[in-house]
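My request is simple: use the sequences and hints to build the entire structure.
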Amino acid sequence: MLETKPRDVQVLPIGIDTTIVRSRSWARLRFEIEYALAKGTTANSYFIQGDKTALIDPPGETFSQIYLEALQQRFDLKSLDYVILGHVNPNRAATLKALLEVAPQITFVCSNPGAKNLRTTMESEDLSILVMRGDETLDLGRGHLLQFIPTPNPRYPDHLCTYDPQTEILYTDKLFGAHLCGEQVFDEGWEIFNEDRRYYFDCVMAPHARQVETALEKLAELPVRMYGVGHGPIVRYGLIELTQAYRQWSKQQTSQDITVALLYASAYGSTATLAQAIARGITKAGVAVESINCEFAEPDEIRTAVEKAAGIVIGSPTLGGHAPTPIQTALGIILSTSSSNRLAGVFGSFGWSGEAIELIEGKLKDAGYRFGFEPIRVKFKPTDVTLQLCEETGTDFAQSVKRAKKVRIARQPASNVEQAVGRIVGSLCVVTTKKHEEISSAMLASWVSQATFNPPGLTVAVAKDRAIESMLHSGDKLVLNVLAEGRQLRKHFMKSFAPGEDRFANVATETSENGCPILTDALAYLECTVNNRMEAGDHWIVYAIVDNGKVLNPDGVTAVHHRKSGNHY
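Last residue of the sequence shown: number 665 in our numbering, and the count goes up by one each step with no gaps.
What the hints contain is simulated information worked out from the structure, not anything from laboratory work.
Owing to the predicted nature of the structure, the values given are computational and were not obtained by experimental measurement.
Any given hint might turn out to be false.
[Stated by the list, open to error] Capping the alpha-carbon separation at 30 Å, the derived lysine-lysine pairs in BS3-like fashion look like this:
1. Lys-461 / Lys-475
2. Lys-660 / Lys-498
3. Lys-502 / Lys-660
4. Lys-101 / Lys-148
5. Lys-314 / Lys-347
6. Lys-591 / Lys-502
7. Lys-587 / Lys-477
8. Lys-461 / Lys-501
9. Lys-501 / Lys-591
10. Lys-461 / Lys-502
11. Lys-314 / Lys-501
12. Lys-459 / Lys-347
13. Lys-475 / Lys-212
14. Lys-404 / Lys-461
15. Lys-404 / Lys-501
16. Lys-502 / Lys-347
17. Lys-459 / Lys-404
18. Lys-404 / Lys-347
19. Lys-212 / Lys-148
20. Lys-347 / Lys-148
21. Lys-560 / Lys-501
22. Lys-459 / Lys-560
23. Lys-560 / Lys-502
24. Lys-404 / Lys-498
25. Lys-314 / Lys-174
26. Lys-477 / Lys-461
27. Lys-461 / Lys-498
28. Lys-459 / Lys-502
29. Lys-501 / Lys-475
30. Lys-477 / Lys-502
31. Lys-347 / Lys-501
32. Lys-591 / Lys-498
Set out below in structure tokens:
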């Protein structure tokens with residue numbers, strides 16, 4: 097998505113002595129899966145002015161200059177007392193260093209793992225740091241007696257929430273957020289944000305559902321009026337509903353019968369990004385992920401996850417021609433603990449050589465492990481295409497694990513109800529889409545129906561584990577290609593595609609006005625924009641508005657899918 101507006105900063109009061117500073121970008125900031133909806137983002141920071149002052153969660157270097165300019169116009173930074181960090185990452189270093197230049201007296205407030213990360217990130221041991229382990233408070237005066245709740249997870253092992261009883265605001269950093277940019281500071285009409293918040297949860301939180309449940313238990317007793325989130329609108333009007341949704345979504349993950357252990361370490365963030373995309377694909381297929389950052393995990397935690405896992409995926413950077421020590425330790429635990437009849441996978445990023453990936457693959461192969469996918473090797477930072485490959489690979493891996501566990505039992509004779517449902521017929525269509533210029537996908541569909549006259553609209557049912565699902569969110573474009581009788585196109589799109597495989601190889605296409613492929617041998621096509629979608633059991637119901645269309649073969653007859661049972665396609 098091209099940026100349509102310059103980056104800017106909103107500064108508004110939201111409570112007693114409390115101001116939000118929203119750094120906004122309408123463009124997608126980087127290649128990470130949680131930004132894939134390409135709706136921009138806000139990096140939210142908060143300024144509390146008691147007798148002492150505190151700044152919560154300054155943004156990354158993308159916003160450093162305009163953020164500091166906005167702060168200096170409104171606040172006396174030379175008297176700033178505290179900078180509270182919900183998590184620490186290298187991206188924030190530029191902003192934090194700039195703040196220290198203006199206010200060298202700053203004391204940083206963070207968790208114990210955050211303090212270690214901060215010293216590394218800032219390349220300095222000479223920092224004033226207050227470590228919050230959960231029982232400490234920080235008195236800013238005027239009733240702002242801040243409380244701190246560590247809420248770690250594998251991706252953010254230093255994650256820390258901050259609660260202000262004076263305003264009853266819980267500053268949640270990564271929890272309850274969403275990546276979208278707009279004018280709304282609060283979530284009035286909160287239902288319109290449901291899809292974005294669910295997508296953010298699925299990408300960022302679902303692989304850590306067990307830790308999310310623990311965090312929700314810790315936060316449950318606090319009398320909270322709003323969530324001061326790190327990204328997106330402040331959660332105020334839909335607070336109860338979003339909290340309940342987080343519990344429900346987490347439960348969906350932790351209650352799964354089959355688990356994949358996803359073990360990784362990440363030197364500069366690229367391997368962690370790959371792990372996130374693979375995890376997203378696995379959870380889409382109805383398999384739980386036990387995601388473990390080996391840099392912060394104890395051996396017993398790794399051993400427990402590996403023992404109960406039906407599949408094991410391990411990712412590593414290459415440092416000095418080797419896998420880092422935490423990965424070597426994890427690999428030793430796998431080889432000494434896990435049965436080699438489990439499916440395995442290996443991935444990693446590297447700058448020049450990538451020996452760690454081959455080393456891990458070789459050790460697992462020598463131990464007799466079978467591989468669910470070819471090793472994924474990424475040089476430098478992943479791209480959109482790479483992340484799509486990783487997500488599709490994760491889904492395929494999860495389905496292979498389910499087959500190995502014999503989850504898919506032989507179908508029983510269809511019941512009367514299933515036979516009746518099977519008599520509902522639909523036209524055979526191929527849904528095609530393209531995104532970010534390089535990613536395209538297609539899906540054979542028969543659960544398609546006209547839904548509205550004005551505006552002309554239709555619905556398509558998309559199984560949650562379909563690769564195309566992540567490309568059919570609100571605002572996305574698609575083409576519905578209605579097939580004519582005949583088997584050529586139908587046969588092509590009925591086959592299983594490997595992760596990253598070109599769905600349109602040897603198929604005649606042209607580009608529609610909305611950028612998606614048109615199958616020129618189709619009976620007709622409709623260019624559509626996704627308006628919204630609804631979760632329905634094991635499918636998403638996607639509602640799209642028709643923008644354009646044409647009949648390509650006036651003499652053709654629509655292909656129809658006849659079934660005898662309603663329990664499978």
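Hint-by-hint comparison with the structure:
1. As the CA atoms of Lys-461 and Lys-475 are separated by approximately 23 Å, the hinted pair is consistent with the 30 Å bound.
2. The suggested pairing of Lys-660 with Lys-498 holds, with an alpha-carbon distance near 26 Å, which does not exceed 30 Å.
3. About 25 Å separates the Cα atoms of Lys-502 and Lys-660, which keeps this hinted pair within 30 Å; it holds.
4. About 36 Å separates the Cα atoms of Lys-101 and Lys-148, which puts this hinted pair outside 30 Å; it is violated.
5. In summary, the hint linking Lys-314 to Lys-347 is supported, as the alpha carbons are separated by about 16 Å, within the 30 Å threshold.
6. Taking the CA atoms of Lys-591 and Lys-502, the gap is near 22 Å; set against the 30 Å cutoff, the hint holds.
7. Between the alpha carbons of Lys-587 and Lys-477 the distance comes to roughly 37 Å, so the proposed pair goes past 30 Å and is violated.
8. As the CA atoms of Lys-461 and Lys-501 are separated by approximately 21 Å, the hinted pair is consistent with the 30 Å bound.
9. Only pairs whose Cα atoms come within 30 Å are accepted, and Lys-501 paired with Lys-591 is accepted, the gap being roughly 23 Å.
10. Our distance criterion of 30 Å between C-alpha atoms is met by Lys-461 and Lys-502, whose separation comes to about 23 Å.
11. For a cut-off of 30 Å, the pair hint linking Lys-314 to Lys-501 is broken: about 35 Å separates their Cα positions.
12. A threshold of 30 Å between alpha carbons decides the hint, and for Lys-459 with Lys-347 the separation of about 35 Å lies outside it, so the pair is violated.
13. Simply put, Lys-475 and Lys-212 have alpha-carbon atoms about 28 Å apart, close enough for the 30 Å limit, and the pair holds.
14. Proximity of Lys-404 to Lys-461 is assessed by CA-CA distance (about 21 Å); at most 30 Å being required, the pair is judged to hold.
15. About 13 Å separates the Cα atoms of Lys-404 and Lys-501, which keeps this hinted pair within 30 Å; it holds.
16. Among the hinted pairs, Lys-502 with Lys-347 is consistent with the structure: their alpha-carbon atoms are about 23 Å apart, no more than 30 Å.
17. Our distance criterion of 30 Å between C-alpha atoms is met by Lys-459 and Lys-404, whose separation comes to about 21 Å.
18. Of the supplied pair hints, the one linking Lys-404 and Lys-347 holds, its CA atoms being roughly 18 Å apart against a limit of 30 Å.
19. Simply put, Lys-212 and Lys-148 have alpha-carbon atoms about 25 Å apart, close enough for the 30 Å limit, and the pair holds.
20. For a cut-off of 30 Å, the pair hint linking Lys-347 to Lys-148 is broken: about 41 Å separates their Cα positions.
21. With a C-alpha separation of about 20 Å, the suggested pairing of Lys-560 with Lys-501 holds against the 30 Å cut-off.
22. Taking the CA atoms of Lys-459 and Lys-560, the gap is about 34 Å. The hint is violated against a cut of 30 Å.
23. For the proposed pair Lys-560 and Lys-502, the alpha carbon gap of about 20 Å is at most 30 Å, so the pair holds.
24. For the hint pairing Lys-404 with Lys-498, the CA-to-CA distance comes to about 14 Å; that is within 30 Å, so the pair holds.
25. A C-alpha spacing of about 35 Å is found between Lys-314 and Lys-174, which places the hinted pair above 30 Å, so the restraint is violated.
26. Between the alpha carbons of Lys-477 and Lys-461 the distance comes to roughly 27 Å, so the proposed pair stays at or under 30 Å and holds.
27. For the suggested pair Lys-461 and Lys-498, the alpha carbons sit about 21 Å apart, so the restraint of at most 30 Å is met.
28. The suggested pairing of Lys-459 with Lys-502 holds, with an alpha-carbon distance near 27 Å, which does not exceed 30 Å.
29. Restraint check for Lys-501 and Lys-475: the C-alpha separation of about 34 Å exceeds 30 Å, so the hint is violated.
30. With a C-alpha separation of about 37 Å, the suggested pair Lys-477 and Lys-502 falls outside the 30 Å cut-off, and the hint is violated.
31. Between Lys-347 and Lys-501 the alpha-carbon distance is near 22 Å, which keeps this suggested pair within the 30 Å criterion.
32. For the suggested pair Lys-591 and Lys-498, the alpha carbons sit about 20 Å apart, so the restraint of at most 30 Å is met.
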